[in-house]
Amino acid sequence: GDSVTQMEGPVTLSEEAFLTINCTYTATGYPSLFWYVQYPGEGLQLLLKATKADDKGSNKGFEATYRKETTSFHLEKGSVQVSDSAVYFCADGPERGGNKLTFGTGTQLKVEL
Amino acid sequence: DAGITQSPRHKVTETGTPVTLRCHQTENHRYMYWYRQDPGHGLRLIHYSYGVKDTDKGEVSDGYSVSRSKTEDFLLTLESATSSQTSVYFCAISDRRDQPQHFGDGTRLSIL
Chain S
1 GDSVTQMEGP VTLSEEAFLT INCTYTATGY PSLFWYVQYP GEGLQLLLKA
51 TKADDKGSNK GFEATYRKET TSFHLEKGSV QVSDSAVYFC ADGPERGGNK
101 LTFGTGTQLK VEL
Chain D
1 DAGITQSPRH KVTETGTPVT LRCHQTENHR YMYWYRQDPG HGLRLIHYSY
51 GVKDTDKGEV SDGYSVSRSK TEDFLLTLES ATSSQTSVYF CAISDRRDQP
101 QHFGDGTRLS IL
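These protein sequences, in sequence, are chains S and D. The numbering used here applies: residue 1 is where the first sequence begins, and numbers increase by one. The numbering used here applies: residue 1 is where the second sequence begins, and numbers increase by one.
By construction, these hints were calculated from the structure, which means they are not laboratory data. All values reported here derive from a predicted model rather than from experimental measurement. We put the beta carbon where it would ideally sit given N, CA and C, even for glycine. Please note that the accuracy of each hint is not assured.
[As the list claims (entries may be wrong)] Each computed DSBU-like pair below joins lysine-lysine, with the alpha-carbon atoms no more than 35 Å apart:
| # | chain 1 | residue 1 | chain 2 | residue 2 |
| --- | --- | --- | --- | --- |
| 1 | D | Lys11 | S | Lys56 |
| 2 | S | Lys68 | D | Lys70 |
| 3 | D | Lys11 | S | Lys110 |
| 4 | D | Lys70 | S | Lys110 |
| 5 | D | Lys11 | S | Lys100 |
| 6 | D | Lys57 | S | Lys49 |
| 7 | D | Lys70 | D | Lys11 |
| 8 | S | Lys77 | S | Lys110 |
| 9 | D | Lys11 | S | Lys49 |
| 10 | S | Lys110 | S | Lys49 |
| 11 | D | Lys57 | S | Lys52 |
| 12 | D | Lys57 | S | Lys100 |
| 13 | D | Lys53 | S | Lys52 |
| 14 | D | Lys70 | S | Lys49 |
| 15 | D | Lys53 | D | Lys11 |
| 16 | D | Lys57 | S | Lys68 |
[Unchecked claim] Simulated coverage check for chain D against chain S, where a stretch passes if three residues somewhere in it have a Cβ under 8 Å from a Cβ of chain S:
| # | stretch |
| --- | --- |
| 17 | 42-56 |
| 18 | 99-110 |
Working from the sequences, and respecting the hints, build out all of it.
Here is the structure:
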């Protein structure tokens, strides 16, 4: 089966720093791609998604672009806040409308003042 | 927030005992999923359901069974719990295959 690889954490940044969390996938074709965020003690929440090549998903200042040529979906934010401290998961879903997600192992982000 | 309730939220039990976790949704979504979350593994799919009485295995289904007798409820059963099943379990739902999944708050299960 396919796999999703994301950079290991924890990642520690100062407030207002630039964030990049790398994510690559191995699925062939054109899977849907997702970023989920998990705050302490909570379930996962969808942060953003992209469903076809060159799509850019965005939400709450976070962005990720579907790069078919590099099979990547890196998460970026120009200026992080303390409230962004959480665990971030990259995931892909199979093409042709299937809905079984494959998750990366998660990247913990800690933002300090 | 999507109407998903997992129960119990926390449970401690002993090896060899049966355990049932419940996921209840008020969204009338067709698809329901059970995942486990473990350090270094992210989330792994245990079982999923695509309708009442329609279920299928995920990547880590050994030692688990599920049932869905009503649209709103999806039960996960550990017939004889083992320490390797200590984990945080998440339920998720989605309306259509091409829609994102929405997650419950999780059940923390400890098996001693």
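Going down the list of hints, with the structure as the test:
no.	hint	verdict
1	D:Lys11 to S:Lys56	violated (41 Å)
2	S:Lys68 to D:Lys70	violated (40 Å)
3	D:Lys11 to S:Lys110	holds (29 Å)
4	D:Lys70 to S:Lys110	violated (41 Å)
5	D:Lys11 to S:Lys100	holds (27 Å)
6	D:Lys57 to S:Lys49	holds (25 Å)
7	D:Lys70 to D:Lys11	holds (24 Å)
8	S:Lys77 to S:Lys110	holds (14 Å)
9	D:Lys11 to S:Lys49	holds (33 Å)
10	S:Lys110 to S:Lys49	holds (23 Å)
11	D:Lys57 to S:Lys52	holds (28 Å)
12	D:Lys57 to S:Lys100	holds (11 Å)
13	D:Lys53 to S:Lys52	holds (33 Å)
14	D:Lys70 to S:Lys49	holds (30 Å)
15	D:Lys53 to D:Lys11	holds (27 Å)
16	D:Lys57 to S:Lys68	holds (29 Å)
17	42-56	holds (count 5)
18	99-110	holds (count 8)
When each numbered hint is compared with the structure, violations occur for hints 1, 2, 4.
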